[in-house]
Amino acid sequence: MSGYVSARERGFRTAASRWRSAGARLDRFAGAVFILPAVLVILAFSIFPLLASLYVSLARLSFSEGGVELKFVGFDNYAKLLVGIDHVHFLGLAGPLTPVSVAVLLAGAALIAFWLYRYSRDQARSVGGFAGRIVVALGAGTLLWLVVTTVMSSGRPGTLVVTVVYVGVDVTVQYLLGLGLALLVVQHLPGRRFFRVVFLLPMMITPVGVAYLFRMLTDTSKGPLYPLWVRFGLTDVSWVTNPWGARLAVMIGDVWQWTPFIFIVLLAAIETLPHELVEAAVVDGANRWQVFWRITFPLILPASSTVVLIRLIEGFKIVDLPNVLTNGGPGTATESLTLHAYTIWRALDIGGSAAVAYMLLIVVTFVGVSYVNLFRRRVTAMA
Amino acid sequence: MRRYLANAAVLVLGAVAIAACSSGGTNTSSNQKFSGTTVRVVTFTGPQIAEPLQRRAPDFEKLTGAKVQVITVPFSDLYQKILTDFATKTNSYDAMVFDPQWMGDYVPPGYLEDLTGRVQSDSSLQWNDIAPFFRDFSATFKGKVYTIPLDGDFQMVYYRTDLLQKDGLKPPETWDDYISIAQHYQGKDLNGDGRADYGSCWAMKRSAQSYWMWLSVAASFLQSQGTKQGAFFNTNDMQPLTNNAAAAAALNIYKTLSKLGPPDQLNNDVGDSRGLFVGGRCALSLDWGDIGTLAIDTTQSKVIDKVGAVILPGSKKVLDRSTGQLTDCNPTLCPYAVNGVNHAPFAAFGGWSGAINKASSAKVKDAAFAFLSYMSAPAQSNVDVTIGKTGFNPYRTSQFSNLDVWTKAGMSSQAANNYLGAIKDSLQSPNMVLDLRIPQTAYYQQTSLDTALAQFLAGELGTQATMAQITSQWNKKTDEIGRQSQLDLYKASLSVTK
Chain X
17 MSGYVSARER
27 GFRTAASRWR
37 SAGARLDRFA
47 GAVFILPAVL
57 VILAFSIFPL
67 LASLYVSLAR
77 LSFSEGGVEL
87 KFVGFDNYAK
97 LLVGIDHVHF
107 LGLAGPLTPV
117 SVAVLLAGAA
127 LIAFWLYRYS
137 RDQARSVGGF
147 AGRIVVALGA
157 GTLLWLVVTT
167 VMSSGRPGTL
177 VVTVVYVGVD
187 VTVQYLLGLG
197 LALLVVQHLP
207 GRRFFRVVFL
217 LPMMITPVGV
227 AYLFRMLTDT
237 SKGPLYPLWV
247 RFGLTDVSWV
257 TNPWGARLAV
267 MIGDVWQWTP
277 FIFIVLLAAI
287 ETLPHELVEA
297 AVVDGANRWQ
307 VFWRITFPLI
317 LPASSTVVLI
327 RLIEGFKIVD
337 LPNVLTNGGP
347 GTATESLTLH
357 AYTIWRALDI
367 GGSAAVAYML
377 LIVVTFVGVS
387 YVNLFRRRVT
397 AMA
Chain U
13 MRRYLANAAV
23 LVLGAVAIAA
33 CSSGGTNTSS
43 NQKFSGTTVR
53 VVTFTGPQIA
63 EPLQRRAPDF
73 EKLTGAKVQV
83 ITVPFSDLYQ
93 KILTDFATKT
103 NSYDAMVFDP
113 QWMGDYVPPG
123 YLEDLTGRVQ
133 SDSSLQWNDI
143 APFFRDFSAT
153 FKGKVYTIPL
163 DGDFQMVYYR
173 TDLLQKDGLK
183 PPETWDDYIS
193 IAQHYQGKDL
203 NGDGRADYGS
213 CWAMKRSAQS
223 YWMWLSVAAS
233 FLQSQGTKQG
243 AFFNTNDMQP
253 LTNNAAAAAA
263 LNIYKTLSKL
273 GPPDQLNNDV
283 GDSRGLFVGG
293 RCALSLDWGD
303 IGTLAIDTTQ
313 SKVIDKVGAV
323 ILPGSKKVLD
333 RSTGQLTDCN
343 PTLCPYAVNG
353 VNHAPFAAFG
363 GWSGAINKAS
373 SAKVKDAAFA
383 FLSYMSAPAQ
393 SNVDVTIGKT
403 GFNPYRTSQF
413 SNLDVWTKAG
423 MSSQAANNYL
433 GAIKDSLQSP
443 NMVLDLRIPQ
453 TAYYQQTSLD
463 TALAQFLAGE
473 LGTQATMAQI
483 TSQWNKKTDE
493 IGRQSQLDLY
503 KASLSVTK
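Chains as they are written, first to last, in our numbering: chain X, 17 to 399; chain U, 13 to 510.
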């Protein structure tokens, strides 16, 4: 009987080999098949809205019987923001240059030029890297120009500059405070567990709640701080009706709310540092500052750079605080880019609103990508 | 047998009586013709306006079986929330209580139910008792009725009768008078609590209802030839009337008044200015009818029977549209002037009015109409307009003629006469200024004008720059929508029955 293969068995074998080849073919596509749902989800929820809103930003929406009409208007909505009727609102009003502002501009330009020069002497330089740096230099130069001519003179900052100021000041102060608090809490101080929880509380509160809280606190004619204002004779002074006073109030609120986020991340980073390094340094006679500056700080740089990146991106989207605290006022003093888009959207100028949102996207992407390429990648590589 | 028949007759009669009784009972339940129906009503976050709707919804449910769900959104979001809901066919609201100025955007695309037939045939609504102006401006668009008015709006000036009487001052006739009275009281203690109080309290907050206050000032400089002249655009070419000596004068008054009030006046909404006034902290204020009724609210008012109301102050100089300059009033230029003062009472907003979503089901639409009609019917409305927290102000003829309504609510008859007199003076003025009611009114006023005024008060823009900004933005919007169509609609909106 050996060697005899029935017709039936042959049939099975052919079928099996056919299945195997089909399986092999499927194997080749398995990666694509498994990844497809995720890709579809991203397409549906991320790419499609992005493209749709890009189209909306190039159109004007009107309501007609039975629905809405989108009329293509080219770059009209962007032109309104950059050179048209809304450009002062968006970019601000440049004042005449003063000696101080000229000095700051020159210093900034020199710094950017030096940075480019240094890269051109770098061994690891490349054409791509240089092109990228030129773009960053142009972007940073433009932002610096806008900030200096609208803030450091008799001009008036637009929503773009106000947002950049919010992000710059907020993230810096939040980082310094968060780092300080984290360093304090890792000390073996009494009640440190309690403070660890207390420091986290502001982050848990809804931003609108924080805004209402600060609205009460900044009201000098009533509110919980009223006795304090009376004592200092400040009941007739309203700091939220002064442009910089109101911006300061918004920034204090944001710092109060988001410092805990940086605090908790840095605390985790500091607590996982190896003790041996610090102990060895102490044995070698390093003082506290040297331990912090030479050991702790470099070791938590990767975590720091990540948390700063997250806060940078989040910071650009600030809307709740200025909206509830001052409704963007006095005038447009506290209006951020998102609030600017929201104000336009409220009058159902959807195209104009989408254009502002796209400008915000461009700025955030520019800042984020520059930060990752120039700073974060280097820091994480060092670590 | 006869006795048997008699017994049978009694039984039959009894049965008939029981049947009649029970059919009476059935009648009650058949009155509940909207049982199982839910009406979703959207309006702005109160407490005013939403309060009476929420308070009366359970009573309405008991009467008709219809459940009324009141959804509230902030005022600055209401316009686009409703419009987006319609446009995206989400239709999550069956009825909406809104600013009738927005009809220009809601009616042409066919979002609102035509109520013309219904209001005429509903006897309990007493349609003809609603003052003709509100039936026309707040309810009618291109000859058809789309809303039921629930509120009547005019801006007026309120003053403290006790203070002015004591100091021998007369209520302000012109805006100059207003400023000098405000200056007189600024920084003085007006309620005896030892704290410095304010000459005038206005709502000047951005993204709120402040721009109407400025329009109230500008009105008397801008319009002098009667209602049909209009105060927003030139009726020949739709050029905005926002860049001339009249607008500049109104801006300067506005700026002066921003400094004759509480320190954070720029951050005050109408709720704040009303609270300050009825708390006795202000000598003057500008508001709709609300302060009049809030002042008699024993739970919060410290100025009961100490409040007077007058028609909006006027001006002795008005805009000469041919030159763009202010010119002294003369009989030709100001035919309706009183003592040489041109008053132009401003029907700001028009009054909260209820409309129905055309896309809702027939039964829900019936229930929604029944609810709005119930809210507006004199039995309910005559009470609600006397309560400060409702935000509803008088709009029915019977509410102006029947003093009992007001004295029952706690107003002295003198105060009631004074309050209703100021509204009547405004309503009957041949030079009353109508609010804007053209497509994208929300952009012209709520976005463009509001932002520019806020920037002006904050010192971001000077007088000329403010006027130039408003004018260029209004012109751009007019051109985007179509100058001729906007002009036609603007001119049509100026023809109202009063």
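Treat the hints with caution; some may be incorrect.
Covered stretches of chain U (chain X as the covering partner; in silico rule of three or more C-beta atoms under 8 Å from a C-beta of chain X) [as the list claims (entries may be wrong)]:
# : stretch
1 : 86 to 95
2 : 119 to 131
3 : 273 to 284
4 : 343 to 353
5 : 403 to 413
6 : 482 to 490
Pairs of lysine-lysine, DSS-like flavour, derived with a Cα cap of 30 Å [to be verified]:
#  : chain 1 : residue 1 : chain 2 : residue 2
7  : X       : K87       : U       : K74
8  : U       : K74       : U       : K503
9  : U       : K314      : U       : K240
10 : X       : K87       : U       : K370
11 : U       : K436      : U       : K156
12 : U       : K154      : U       : K503
13 : X       : K87       : U       : K420
14 : U       : K154      : U       : K314
15 : U       : K271      : X       : K238
16 : U       : K489      : X       : K87
Because the hints were derived from the structure by calculation, they are not lab data.
Glycine is no exception: its CB is placed at the ideal position from the N, C-alpha and C atoms.
Hint check:
no.	hint	result
1	86 to 95	holds (count 5)
2	119 to 131	holds (count 3)
3	273 to 284	holds (count 6)
4	343 to 353	violated (count 0)
5	403 to 413	violated (count 0)
6	482 to 490	holds (count 3)
7	X:K87 x U:K74	violated, 49 Å
8	U:K74 x U:K503	violated, 45 Å
9	U:K314 x U:K240	violated, 41 Å
10	X:K87 x U:K370	holds, 26 Å
11	U:K436 x U:K156	holds, 26 Å
12	U:K154 x U:K503	holds, 12 Å
13	X:K87 x U:K420	violated, 57 Å
14	U:K154 x U:K314	violated, 45 Å
15	U:K271 x X:K238	holds, 19 Å
16	U:K489 x X:K87	holds, 15 Å
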